[in-house]
Amino acid sequence: MGQCGAPSIRRMQGIEVSETNLNKARPPPRAYIGLLIAVFLIAVLFVRQSWVGSASLNDPRAVPRAVTPRGELSQGEKSTIGLFRQASPSVVHITAITVQRDLFTLNVIQIPEGTGSGVVWDTNGNVITNFHVIQNADAAQVTLADQSNWKARVVGVAPDKDLAVLRIDAPATRLRPIPIGTSKDLQVGQGVFAIGNPFGLDQTLTTGVISALGREIESVTRRPIQGVIQTDAAVNPGNSGGPLLDSAGRLIGVNAAIYSPSGASAGIGFAIPVDTVNRIVPELIRYGKITRPGIGVQAAEDQIAQQLGVKGVLVVDVVAGSAAAKAGIRPTKREASGRVRLGDVIVAVDGVKVGSPNDLFLALEKYKIGDTVNFSLLRDGKTVQTRVTLEGVQ
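Here the sequence shown stands for residues 1 to 394, where the numbers follow the numbering used here.
Source of the hints: derived by calculation from the structure; they are not laboratory data. A hint or two may mislead.
Computed list of lysine to aspartate or glutamate pairs in EDC-like fashion (alpha-carbon distance at most 20 Å, straight line) [unchecked claim]: (1) Lys366 / Glu283; (2) Lys368 / Asp138; (3) Lys326 / Asp350; (4) Lys289 / Glu365; (5) Lys289 / Asp185; (6) Lys151 / Asp138; (7) Lys368 / Asp350; (8) Lys366 / Asp232; (9) Lys368 / Glu301.
Across the chosen pairs, the derived CB separations fall in these ranges [to be verified]: (10) Gln394 / Gly71: 17 to 27 Å; (11) Ala139 / Gly351: 14 to 24 Å; (12) Gly321 / Pro224: 20 to 30 Å.
Note that beta-carbon positions come from the ideal geometry of N, C-alpha and C, so glycine has one too.
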């Protein structure tokens with residue numbers, strides 16, 4: 001036997017081989033790994049080729065299958081198709097445009113700011129949409145259903161109701177006014193249809209039902225819009241200003257907003273009721289603006305009233321010669337000593353309590369210009385009554 005630690009000797013077929021030489025002859029582990037990878041790749045290629053390229057599976061006699069007759073469309077499908085064909089020519093695509101000057105050439109360029117939908121109101125070229133669709137635009141372009149493009153001018157806007165009227169110089173033969181319905185007799189569960197241009201995709205139809213009535217949303221002026229229709233018909237960006245229709249194809253609302261954290265339809269859309277639209281649009285066409293019932297006062301903001309501990313609508317100023325001035329309503333004043341003397345606080349209108357300027361705004365909306373209304377005021381700690389004849393205010 002050799003010494004401890006010395007290489008041992010093996011005899012193989014008459015040849016003496018040391019274990020040291022055997023270890024040197026074995027390939028390193030990396031060589032085994034490379035060999036395994038190569039074998040694996042070859043196997044994969046072989047299996048893939050046998051899967052997709054086997055000539056034995058091809059059949060040169062293959063032909064298209066015969067179409068199975070479907071029969072008549074259902075009555076519901078026919079009705080929806082007919083409704084879309086009837087209403088879609090009344091729906092337009094609106095592109096809001098901003099004007100900028102190129103810094104290098106100084107040329108004026110027009111840049112699309114956003115898109116929305118609209119509805120042909122009459123054959124005079126009046127088109128209605130949401131105010132927020134054109135709010136930040138310097139110009140607008142209207143594309144009719146026949147794909148003709150027309151420059152639009154602003155006729156009038158009602159930001160508090162998120163409505164606007166545009167006018168295009170298209171001939172009457174190209175204009176198809178939308179049939180008008182009513183929103184006073186709508187019912188939850190009633191079928192509705194929305195047509196618009198979501199994400200710039202022209203003439204898209206979605207269907208659903210009325211989910212709720214009498215909802216309230218906030219306009220861009222932060223004024224509440226009441227009586228709003230809630231629907232689960234998909235309403236996406238670009239649908240704004242488009243029509244919400246009943247099953248007869250009549251306009252029952254103007255799609256205005258969606259409730260969705262992602263900005264896409266989540267099954268909660270809102271439409272301004274057509275009765276509101278039908279009341280405001282003629283005023284915008286006649287005067288370019290709307291006049292609403294008012295009394296001619298400036299009210300303190302909610303935060304200021306809360307800081308002063310006032311419960312009601314604090315009158316900050318009264319317009320000279322206004323209905324409020326004629327009724328003797330007192331404004332807030334600063335006395336010669338520097339002390340602020342609070343004005344009257346409106347606490348009720350015809351017995352209905354009001355706690356904020358928005359409450360007063362909504363309370364007066366129920367009346368017409370010229371109506372005489374009883375106001376309950378808090379003055380120097382005492383409640384007094386006065387009657388005010390409402391006037392038109394902006």
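Hints and how they fare:
1. Lys366 / Glu283: holds, 17 Å
2. Lys368 / Asp138: Cα-Cα ~34 Å, so violated.
3. Lys326 / Asp350: holds, 18 Å
4. Lys289 / Glu365: Measuring from Cα to Cα gives roughly 16 Å; hence the hint holds.
5. Lys289 / Asp185: Judged against 20 Å, a Cα distance of about 28 Å means the pair is violated.
6. Lys151 / Asp138: holds, 12 Å
7. Lys368 / Asp350: holds, 14 Å
8. Lys366 / Asp232: Violated, because 29 Å separates the two Cα atoms, which is more than 20 Å.
9. Lys368 / Glu301: violated, 25 Å
10. Gln394 / Gly71: 17 to 27 Å: Violated - the Cβ-Cβ distance for Gln394 and Gly71, about 60 Å, lies outside 17 to 27 Å.
11. Ala139 / Gly351: 14 to 24 Å: violated, 48 Å
12. Gly321 / Pro224: 20 to 30 Å: For Gly321 and Pro224 the Cβ distance comes to about 29 Å; the hint holds.
Hints 2, 5, 8, 9, 10, 11, counting from the list given before, are not met by this structure.
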